[in-house]
Amino acid sequence: MKIAVCVKQVPEGSRRIDAATKRLDRSGEGALNPYDAYAVEEALRLRDASGEGEVVVVSVGPASAADAIRKTLAMGADRAVLVSDDAAAGSDLVATSYVLANALERESSDLVVFGYQAADSDGAVLWAAVADRLRRPVVSQVAELRLESGRVRGKRQTEFGYDVIEAPLPAVVAVTDAINEPRYPSLKGIMGAKRKPQETLTLAELGIEAERAGEAGSRTVVLALNEPPSRGEARRIEDDGDAAARIVEFLLEKRLL
Amino acid sequence: MDFALSADQREIQALAREFAEAEIEPHAAAWDREHRFPRELYAKLADLGLMGVCVPEEYGGAGADFLSYILVLEELSRADAGVGVTVAVHTSAATLPILTFGTEEQKARFVPPLARGEHLGAFALTEPEAGSDAGALRTRAARDGDGWTISGAKQWITNGTYAGTFLLFARTDPDTPGARGVSAFLLDGEHVRVTRDEEKLGLNSSITNDIVVEGARVGRDRLLHEEGRGFRVAMATLDGGRIGIAAQALGIAQAAYDVARSYAKERHTFGKPIAEHQAIQYKLADMSTEIDAARLLVYRAAWLKQEGQPHTEEGAKAKLFASEMARRQTAEAIQILGGYGYTKEFPVERYYRDAKVTEIYEGTSEIQRLVIARSVLGLRQAERTLAQG
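Chains as they are written, first to last, in my numbering: chain A, 1 to 257; chain B, 1 to 389.
In short, the hints are calculated from the structure, not lab data.
Incorrect hints may have been included.
Here are some of the chain A residues that sit facing chain B, going by a computed Cβ distance under 7 angstroms [stated by the list, open to error]:
1. Y184
2. S186
3. L187
4. M191
Residues from chain A that keep clear of chain B, each with C-beta distances beyond 12 angstroms, as calculated [to be verified]:
5. A20
6. E29
7. D67
8. R146
9. S149
Glycine included, C-beta positions come from ideal geometry on N, C-alpha and C.
Please work from the sequences and hints to get the whole structure.
Right, dumping it as structure tokens:
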């Protein structure tokens with residue numbers, strides 16, 4: 001069983017957008033996208049339960065993304081592939097999914113696991129785009145995952161109960177943060193991470209023409225970025241012991257109670 | 001000169017911080033109030049490799065460097081200084097001396113269970129009448145055939161109740177007074193009886209005991225280093241142990257600063273946050289400066305030790321400055337929080353109580369000044385003076 005996990009390095013702390021390029025400022029400290037930790041954890045559990053196989057982490061990003069990747073290796077992933085190329089900077093969903101799908105084709109894994117969204121762009125659709133490019137079935141919002149006899153079965157919570165969705169392997173799944181409790185990397189894992197195979201690939205090495213990636217390969221353009229509008233007149237209630245009563249009064253006045 | 005941590009050190013620091021914030025800090029106030037030793041926590045720390053950070057892999061440790069271990073102690077102490085001292089004594093005062101002074105057989109036998117956190121280690125030097133003056137120690141190891149029979153009482157033994165390995169100092173030569181007649185032994189939990197739990201001002205999530213050894217019969221395989229050279233073991237252990245306690249003090253001060261800083265930005269008086277009043281700004285500036293200074297002293301001492309360079313003076317300076325700074329600045333944190341700081345609604349009063357002991361154990365501030373003075377003046381270390389554990 002070979003499992004690929006797609007991960008992303010996201011900026012740590014507050015998000016800042018560069019006004020000139022209209023891109024997210026990635027110059028500061030980065031961290032593993034928190035949702036991806038659940039995907040890595042689930043892949044490790046599947047591998048360990050089956051007693052064999054390999055977990056390979058695949059990412060597209062700047063060279064500094066190696067830090068986030070090392071965390072996944074410290075958690076227990078077997079090896080990592082990072083696609084890093086200046087020509088890939090500024091890729092939108094369409095371009096990123098193309099690059100990622102090419103990297104995944106090269107791995108031809110039985111299962112591809114995603115965290116259901118990235119904490120910086122909040123898109124929550126990349127897994128669908130990649131599955132489409134790979135022509136594989138996709139199960140999303142998975143809160144419980146089982147593998148049996150060449151099929152993947154995902155359970156997801158909906159407004160009305162649970163959906164149980166089954167698909168044949170190879171498949172793509174996107175997991176939620178309800179699926180498990182990601183482990184901490186152990187010290188031995190951290191010390192051993194640098195000895196694990198880590199590959200960095202350029203677009204050319206993946207056989208991707210530069211015009212399919214980066215801004216050239218993107219179909220969306222950011223036209224403008226604006227501050228959120230002010231909330232207008234706000235009333236602040238300081239608590240002098242009667243705040244609750246005054247809030248109730250306010251809600252009544254607005255006919256909200 | 002390079003002040004940056006290595007990638008491994010940064011990741012180990014991040015792991016310790018993440019773990020401490022999630023698994024220790026939320027419980028610290030309750031453990032303090034209930035005087036509860038969080039036994040289950042040490043199994044989790046062991047799973048992550050945090051009970052043997054700087055122990056080589058071949059002896060069951062994680063194989064990281066000494067500075068990484070110091071970073072871990074700082075982060076653990078920032079969440080709960082009682083956890084910090086438990087791990088510090090376990091590692092610096094019990095595990096590492098076996099690696100330094102043990103025979104191959106002793107290292108292979110005693111270190112892995114400690115490094116894997118299967119049981120805790122303890123350091124048994126102090127006695128009712130022998131603290132900083134360890135040469136006065138009375139616990140007796142009487143010659144008995146091939147080995148010794150050990151009897152005596154020790155006090156202020158951190159981890160005593162839960163320890164499976166004790167590094168215990170006893171007098172093997174009754175005719176040689178002072179330090180030269182003392183030897184170091186490795187005892188098991190079964191050799192020791194715990195007679196009392198100490199009640200303390202702080203560090204209430206750690207355990208401190210009186211213990212007795214009553215005619216424990218041990219062979220040569222439990223003598224650490226040469227007979228009559230136990231004092232050297234104790235000295236070398238405290239040289240390194242001091243750096244761990246300095247890191248503990250640093251972690252406590254950092255925690256106090258974090259709380260004081262965020263409180264100052266939120267609390268309003270006279271129509272603005274108190275952080276905009278100059279009196280509070282000066283306090284925070286001083287806190288931040290002194291914490292930075294302590295951190296540099298502590299990391300330098302740790303770096304010297306891991307490079308195998310002399311670090312007695314530098315370790316003493318780090319311990320002296322960091323501990324006095326922690327006591328001073330935790331008090332300032334209470335001052336910034338005002339009445340709230342004096343209550344148990346906020347953790348700063350706990351930090352203040354926990355900080356005080358760092359000026360006392362692993363060598364009092366007075367002893368650190370003696371060590372530093374002798375070093376800078378080029379005087380010989382007086383044999384009978386020893387910082388107590």
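Restraint outcome when A/L187 is required to lie within 7 angstroms of chain B by C-beta distance: 3 angstroms, holds
A/S186 as an interface hint toward chain B, with CB separation required under 7 angstroms: 5 angstroms, holds
Restraint check, 7 angstroms cut-off on beta carbons, for A/Y184 near chain B: 6 angstroms, holds
Non-interface label on A/D67, tested against every C-beta of chain B at 12 angstroms: 8 angstroms, violated
Restraint satisfaction for A/M191 [CB to CB of chain B, less than 7 angstroms]: 6 angstroms, holds
Verdict on A/S149 as a residue remote from chain B, using beta-carbon distances over 12 angstroms: 33 angstroms, holds
Assertion that A/A20 lies farther than 12 angstroms from chain B (Cβ): Holds: least Cβ distance 29 angstroms, greater than 12 angstroms.
Non-interface claim for A/R146 versus chain B (Cβ beyond 12 angstroms): About 26 angstroms separates A/R146 from the closest Cβ of chain B, which puts it past 12 angstroms; holds.
No chain B beta carbon within 12 angstroms of A/E29's: 10 angstroms, violated
The structure does not agree with the numbered hints 6, 7 stated previously, though it agrees with the rest.
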